[in-house]
Each structure stands twice: as structure tokens, then as C-alpha cells.
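Trainee: Based on these hints, arrange chains C and D on the given structure of chain X.
Chains as they are written, first to last, in my numbering: chain X, 1 to 251; chain C, 1001 to 1432; chain D, 2001 to 2318.
Derived by calculation from the structure, the hints in this document are not laboratory data.
Everything numeric in this text was worked out from a predicted model, so none of it was measured.
Heads up, the beta-carbon is just placed ideally off N, CA and C, and yes, glycines get one too.
Selected chain D positions facing chain C (Cβ under 8 Å, derived; list incomplete): (1) R2084; (2) L2100; (3) I2292.
Taking CB as the label site, the calculated pair distances span: (4) C/F1042 - X/V147: 42 to 52 Å; (5) C/T1296 - D/L2259: 46 to 56 Å; (6) D/R2084 - X/G30: 45 to 55 Å; (7) D/L2125 - C/Q1180: 55 to 65 Å; (8) C/F1125 - D/Y2174: 28 to 38 Å; (9) X/V147 - C/D1165: 56 to 66 Å.
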Amino acid sequence: MSAALELDGLKKSFGQTEIIRGVDLSIGKGERHAIIGPNGAGKSTLFNLITGRFPQTAGAIRLHGQDLAGKAPYEINRMGLSRSFQITNIFPKMTVFENVRCSLLWSMGYRYNFWSVVSRSRALTEGADSILEQINLTARRDLPAGVLSYAEQRALEIGITIAGGADVIMLDEPTAGMSHSETDYIVDLIRTVTTGKTLVMVEHDMGVVFGLADQISVLVYGEIIATGTPEDVRANPKVQEAYLGEALETH
Amino acid sequence: MTDQSTTDPTKPAQRMRAGSMAIPLLPWCVAAVLLLVLPFIFTANSAITIMNQMAITIIFALAYNMLLGQGGMLSFGHAVYAGVGGFACVHIMNMDDFFASIPLPLLPIFGGLMGMGLATIVGSFSTRKAGTVFAMISLGVGELIAACSVIIVAFFGGEEGISGDRTYGMPFFGVEFLQQIEVYYLIAVWLMISAALMYLYSRTPLGRMANAVRDNPERAEFLGYSARWVRFYSFVASGFFAGIAGALFAINYEILTEENLNTTQSGIILLVTFLGGVGFFFGPILGAIVFTLVQTVLSLQTELWAFYLGIVFVVTVMFFPGGLAGIIMMHVPAMRLGKLGRLGVPYLKTLGAGMIGCFGAAALIEMTFHFRHASTGDHEMTIYWTTFDSHTVLPWIIAIAFTVFGFGVARRTAPDLVDAWNDANTPNGATQ
Amino acid sequence: MDLILVNLIDGLVTGLLLFMLSAGLTLIFSMMGVLNFAHASFYMLGAYFAFQISLYMGFWMGLLIAPLVVGVLGAGVERYGLRRVHQYGHVPELIFTFGLALLIEEVVQFIWGKNQMPYATPEVLQFTAFSIAGNSIPAYKIFMIFISVAIFVGLLYILTRTRVGMIIQAALTYPKTVEALGHNVPLIFMGVFGVGTALAGVAGVIAGPVLGTFPGMAFVLGSIVFVTIVIGGLGSLWGALVASLLIGWITTFSKAYNLRMEDLLTWLGFTKPEPIWDSAWRDMWSITSPQIADILPYILMVLILIFRPYGLFGKRDA
Chain X
1 MSAALELDGL KKSFGQTEII RGVDLSIGKG ERHAIIGPNG AGKSTLFNLI
51 TGRFPQTAGA IRLHGQDLAG KAPYEINRMG LSRSFQITNI FPKMTVFENV
101 RCSLLWSMGY RYNFWSVVSR SRALTEGADS ILEQINLTAR RDLPAGVLSY
151 AEQRALEIGI TIAGGADVIM LDEPTAGMSH SETDYIVDLI RTVTTGKTLV
201 MVEHDMGVVF GLADQISVLV YGEIIATGTP EDVRANPKVQ EAYLGEALET
251 H
Chain C
1001 MTDQSTTDPT KPAQRMRAGS MAIPLLPWCV AAVLLLVLPF IFTANSAITI
1051 MNQMAITIIF ALAYNMLLGQ GGMLSFGHAV YAGVGGFACV HIMNMDDFFA
1101 SIPLPLLPIF GGLMGMGLAT IVGSFSTRKA GTVFAMISLG VGELIAACSV
1151 IIVAFFGGEE GISGDRTYGM PFFGVEFLQQ IEVYYLIAVW LMISAALMYL
1201 YSRTPLGRMA NAVRDNPERA EFLGYSARWV RFYSFVASGF FAGIAGALFA
1251 INYEILTEEN LNTTQSGIIL LVTFLGGVGF FFGPILGAIV FTLVQTVLSL
1301 QTELWAFYLG IVFVVTVMFF PGGLAGIIMM HVPAMRLGKL GRLGVPYLKT
1351 LGAGMIGCFG AAALIEMTFH FRHASTGDHE MTIYWTTFDS HTVLPWIIAI
1401 AFTVFGFGVA RRTAPDLVDA WNDANTPNGA TQ
Chain D
2001 MDLILVNLID GLVTGLLLFM LSAGLTLIFS MMGVLNFAHA SFYMLGAYFA
2051 FQISLYMGFW MGLLIAPLVV GVLGAGVERY GLRRVHQYGH VPELIFTFGL
2101 ALLIEEVVQF IWGKNQMPYA TPEVLQFTAF SIAGNSIPAY KIFMIFISVA
2151 IFVGLLYILT RTRVGMIIQA ALTYPKTVEA LGHNVPLIFM GVFGVGTALA
2201 GVAGVIAGPV LGTFPGMAFV LGSIVFVTIV IGGLGSLWGA LVASLLIGWI
2251 TTFSKAYNLR MEDLLTWLGF TKPEPIWDSA WRDMWSITSP QIADILPYIL
2301 MVLILIFRPY GLFGKRDA
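Chain X extracted, bound-state conformation (with noise of 0.2 Å):
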């Protein structure tokens, strides 16, 4: 099977201090790949490097097969891969069918066109409008992004990550600071729209990892240490005393 993602020998160094400190991992196509490890593991550093926030210091990104190193962040994801933010990050004066829409923009072929009407183009608003089903926001349609609530925000992050149709998605702990209720819908929303797709996610919450990934990679102090599916990270003893271990004391 090839590889959807390939991280080979990935090093990143903030001054002295090296964050991540070679990681190589395999992401099949089609995987539901979940990355966990205690704070300050590097797992948001990690989904910064391979989405080309930051430049790596060392190693190569591969997605497909292309190498990723030098890549802005809107030329990384024109080639198909789209992620979430941790920190909602939409566009909150636009109402919710816009955000759709201007995500969708890209992918149907418009880049910097300037002389066709966006609301003439049927087949946007019927996109833009089968997204927002999707993610279950047809009724807030109108409203300006930032007066939904706070799981309404988390669920039109993911519907503005899928809309353009990368075969790559990536989630950066989606279902962070929701509650029982809400963590259920989004972990049931995230299973419907990547069905298919190739999906990377960073996760706190246990439940939510063990319900959706089938591969899952421990990272602690910048390394993988291990990689599996659910079952055999589980029984990894290694895990159990770096991370589950103090996840079991914590909690």
C-alpha cells in the first residue's frame, strides 16, 4: 500500500531546543491515524511542520510521494491536504454559507478569477450548501460565523477542513474543550465527512482516539515510540509507563 504520508527522520529545533526529534512514520491511504502523547510532546509542532507553518530543521514530508520541504502553507494544501486548528480559526464576520464557500473556491478550479459572480455559480452554492448539511448547519446558514456556539464554531472548522476536498485531513484535537454531549456529535460528524479519506488526527480525549483511529502513534518528548493499531498500543508496555500510565494517574 502506498504511503498517503510519509515523515522520514523529521527534526525540528526552536533555538537550543529540539522539539521534535526525528520522527519517521507511515500513514496509509485511507488510514484513520490518531497521534497522542502528554503535553508538550510536540504533537501540534509536528502538525505545524507537516502543514508548512514552520520549516523542519532536518528530515523530509512526503505526501504522495512529493516531497513537501520549502512548500507554502496554500501550496501544501493544493495538492491535498487540509487541516484543523486547535484554536477555532474561521473567518467570524462572514456568515457560515461564506466560510463553506470561500473554501470551496480553490478546489472547483476559481483561483484568483475575478470576473464571474460567486453567488451566479450554481454548483458553489449547491456545494457549499451540501457541506453545510453535512455538518449539520443549514439552519445557521445566514448567521455570521462568530455568534455560533462554541461546537457549532468546532463543526464548521471541520466542514471549512473538508469542503475543498483533500484526500488528507488533518485534525488538530477536534474536540477539544467540548463536552460529553457535543464530543459525541463531532466524533460521529468527523467519521461521516472522511469517510474515504485519509485522516490524521491529534487527540486528548481517549474515548474519542480508541472510537475513530484504526492506527495509532505515541509521541513523547519529540519521538514516536510507538505505533499500532488500538489494541497493540494499548498493550504496549512501553506506552503504559510513558504515557498511559501518567494519563491513568492524572485523571
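Mentor: Leaving out everything else, chains C and D in the frame of chain X:
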């Protein structure tokens, strides 16, 4: 012209019906008819001069708002693009053979292209960043080009500027543009064309992404758009329409000088746009109309008009960041509820009293100014059609009385106005 | 050689004056992220206040009191103006300070009129300090250098050696953390704004007698100050110092030496088109360095921005 969905999201009035297929045509038809009949209502030559000035300012302000309102880019040197477009057009007017072969109404296209060309060059390095960095570069480049005007005499004509004659162009269906009124209609047509194009631009993918980049450049990058290129294209488009405004200026006045390029001019367009309101497409239009009128009327009345304008501007930035358009749109929810009428009397009380206070304060300012700066022995001054001696006590007492009374009453009645406002914005039945 | 020395001193005076403005501006910028467009207006206020005070109490009291008044005014602007506008974002903040600059100029014209004020150097300093090859260096210039250097050293000392300085430095980078540690960050902001504007005030007091005290003085210097901090790198105090001196020397030298473009072009192997007055390139040929001295900073800025977008000392993601 509906709103741009840019202002306070909590106000339901400012929600737009996104994705509706129709582009509202009614306001455009009304505008076209107005432009057509206005010269028949205000027939005086001076009125037509003012209207020409107004229309040119509208185009320029709309172009400026493509940056400020829609792209979130604050430029302190935008006069340069209009100015250079205008200078280019005067040069074309002076190329006898070439100018004789093109009809005058097509001249603005050249101005637009010139503005666009300059914007392409400057934008290539200035749009890398938005915010403060962009603002500083725009200021620096603006100053640089304005300063060049006295050095590159061949193009800018030095301190006298350059002048031309619009009537040497190829006659356009027999019209030679000798009359002000002919120029008026030329400008009016270009106003409609440019405004419509700029409105449509804001509805295109690029125009929508300009808004997205303004609000959240990072997110836009993760949607496949380079924030820098989106800003660059907005900048180039804005340069084009600014160039058209400059060209129309050249046609109307037939002379361009350093004043068309300098920072004062750039500051004025920022002022006009912001006072009108950057959040709505019609804001700059409103700003340009009101500013031109106020400038014409007030500058005849008082030397201190720029002082008052400065106060109004600072107050607007502090308390009404949405500008005039924002204030108007604040009333839409009440209007939808059919309760706008309930605001009438409280408004009259508070704002009426406030106005009296302002007039009193203005009188005090004028009297102080006269007292300090009038030539010695000149004690006589006239304000509000009243002539009096500024060195006697009585006028001061009267002015102080008006000021205190006006602001006092306004302050007293303000709570009622707030109550009325809350009432007018609460749907019937949903009482507190 | 002697002439070079004279120009070095002149350039140093201009550069240090610029630095007194750009230092305050940089401090305010790196702390609050807002570029104070009205900064040069406070410089102008400093000159006018000092002039007014000097009428009654002499130059030295002006030097002492005027910057204090300007600083208090600046703090007031931060407290009652900027803090309010801050909630709308950086662009409205910038627009606010721009409006303030307009308003201050109008207020100055309202109070003092449009003419230049007869604000002069104090008599004690009206003598020649020394001469270099027949060029006399007035004592006032030496005094200006002395004051600016003293202020710079004082500033450096406060920022790096005192507790207040430490808190300010910390608040620059981590305002939230510093606030959580129990320091009153809004108060620090207000203080820094006040001190920054007071510095501009000092610059106004000592520059007013030399460069002229008139309503356009803020505008003349204002844009150059912005150019300075862009060249130096937004938020970098060292950058501001280097850029200020650089601009001071470049403008002074290009005014002092009459370099002609004609010579340069001929040297490069171009032939002068004849007749020159009819050529489209005539302006190119007739340019001399004193003529373009005042726009050199802008050209420098554009070049810097093209080749080093973050300025000389700017951090990459400032």
C-alpha cells in the same frame, strides 16, 4: 447595494443574505436616474463643478475602499496612483496626433492602465505583509513619488505641474466637451461603470477571498490561497480604478500638479472613506458626497474647517468605527421591526440639544480664534449671520450659555434615548 | 578631510535627533504593536510648549517642563484614546493616530497661528565651540549631541539594568504572563507611551530653535521617522539607532558634496543627448545629489524592503 457583511456580527441587521442569486438592481437604477436628472435640478455652473468633483471623489474613495474596507490594507499613499494616472492622461492630451485619434471618453482607460501599472510595480513588494508594514511602505513610496514630482520635471512638470486641453481629442459623436455639462455626463457614465465593476469585483472569487484574507490570512492560506497574491491583485485592481479617477480629474480640470500626489491628498481619501464607512459598499459613496459638500460649504464659512474636520474624524474613529454607513445600518433592525418611528422624538430631543451645544462650542472656538489672531483693532466679527464685537463680554456669555444648555440637555435626555433605542430594537411581545 | 569631519558632526546631530524620535516610536511599537502616527506631532508640541515656556521662564525651564507636559498628554492619549480604539484592531489604531496627527496640527495652528515662532537657542550657548579648518561648530550642536547621547545611555540603563526595565522588556514579549504575575500592564503601557512621547518632546525642545518651530515641522520630520524605523526593522531599538545615524549621514553628505548624475552617467559610458533640454532624459542628466538628498531615505527604504523585507535588524516574523 447591499452590505459587505463586514461589521459587527452580533447585529442581525448586518447579516447578509449570502448566496442569493440576485444582485439588487434597484439601487443602481435609482443612482443612474439621479445622475441623469441632477443637472436639470442644479443647473448652476458651480453646482455642476461640485458634482463633478463629487463623482471623481466617489470613484477614488471606492477604489481606496477596495484596499481598506475589503482587503484590510491601510494605504497612506494612494493619491499617487490616481495622480500618476492623471498625469499620464494630460500627457496624452498633449500628444497632438495620437490624442486626435482617440475620443475623449476612452481616455480614462489609459489613466486606469497607468495607475494599474504603477500599482503592479509597487504591489510586488508592498503587499507581502498587511497591517502596519503595508501602511508604512505605502507612506514611504507615496512620499517618494510625490517628492520626485519636483525632480522629474519632464513627466510631472515641476512646481507648476502640467496642463492640457481636452477638446483636442477626436469628437465623440459630435461632442467636443467644451461645456461643463458634457464633461459631467462623461464623468457620470464612468462613475456608473466603475462603481458597478467594483461592486461586481467584490462578488467574485477573488473579491470574496480579499475579505477572507482581511479577516484571517492564515486560514485563507490553508484553503489554498496565497494571502500575498490575493492582496496583490486587490492592490492592482484598486490602482486601476484610482487611475480612472485621476484621469477624470485630468479631463475635468485639465491640469495636474504635485498636489494631486502628495500625502495630504492621500490623507483626504482615507478621511473620506473612513467617515463614509469602510464596512459597506455604499459607505465611501456617502463619504465622498458629504465630504465634498461640507468642504465646499464650510470652507466658505470658516478658516477653521480643517480643525472641525479633524475633531469629527477623531470622534468617528473612537466612537463610530463603522462611519456614516455604519450608523445608518444600525437602524435596520428597528426598521425591520417597524419601530423606527419610536426613535424620532428622543432623537430630536437629544441630538437637537447636542447640535445647539455644538453650535455654541463652535461659536466659542471662532470667537477665541478671532480674539487671538485678528489684526489689532479689528474687534468686529460675524458668525451665524450676527455681527458683534468679540472684545465685549455679552457674546461670550451667550455662546457659553448655548453650549452649556445644549450639552446639558443632551446629557439629561441621553438615558431616554438609550431606553427608546432598546425598545425599538426589541421585538413586540419580547418585553423584558 | 576637515570637511568630512564637519559633515560627520552635522550628520551625527541629525541622526541623533532622528533617533530620539525613532527610539520612542520603536518602544511604543514593540510594546503595543501600534505605530504612533502622531509621534512627530508630540515632537512639535514639545517645541511649541518649550517656546511658550521660554517666553516667561527661559530656555532651561522649557527644556525641563515641556517634555513632562508632552509626556502627560501622551499618556492621556493612550489612556482615553488608544485604549478605546484598541478593541477594533491595529488598522483603526493606526487611523486614530493619523487623525490625531491632523488634529494636533490644526490645534497648533489654532493657538499659535501659521507663522514660524521666534524660538531661539539660549544665549549661553550662542558661541562657537571650536572650528575645523574655518568651519565653526556652534556650541548648541555639541549640546544637542550631549543631550541625545545622555538620553540614549539613560534609556539603555533603565531598560537593561533596572527592575522597571526588566518588567517592561518582559511585558514587550509576554504581556499576558507579566499581567498574571501581578503587574499592571495597562499602566506600563501608559507609562511607556508617556515616556516615548516625552522623548519626542525633548527632541522638539532642542530641535525647535535650529530647525524652526512652525506648524509643518511635524510633517517634515514625521515621515522620515517612519522610514527610519522601517529601515532599521520594526521594533528593533538598535536598528532604529543605526538607521537614524545612517540617514543622518547620508542626507548630510549628499547635501555637502555636489555629485552630479551627469558625471556618473558619462563615467558609465553614456553620451549626453543633444540638445539636452529637448530630451526625455533631461531630468536624469541634471540630477545632483543635494537635489535628491531629501528623498534618499525613501529610496533606501524601498531598496531595503526589496532585498531585506524585515529591515536591517528586524526579526523575521516581527
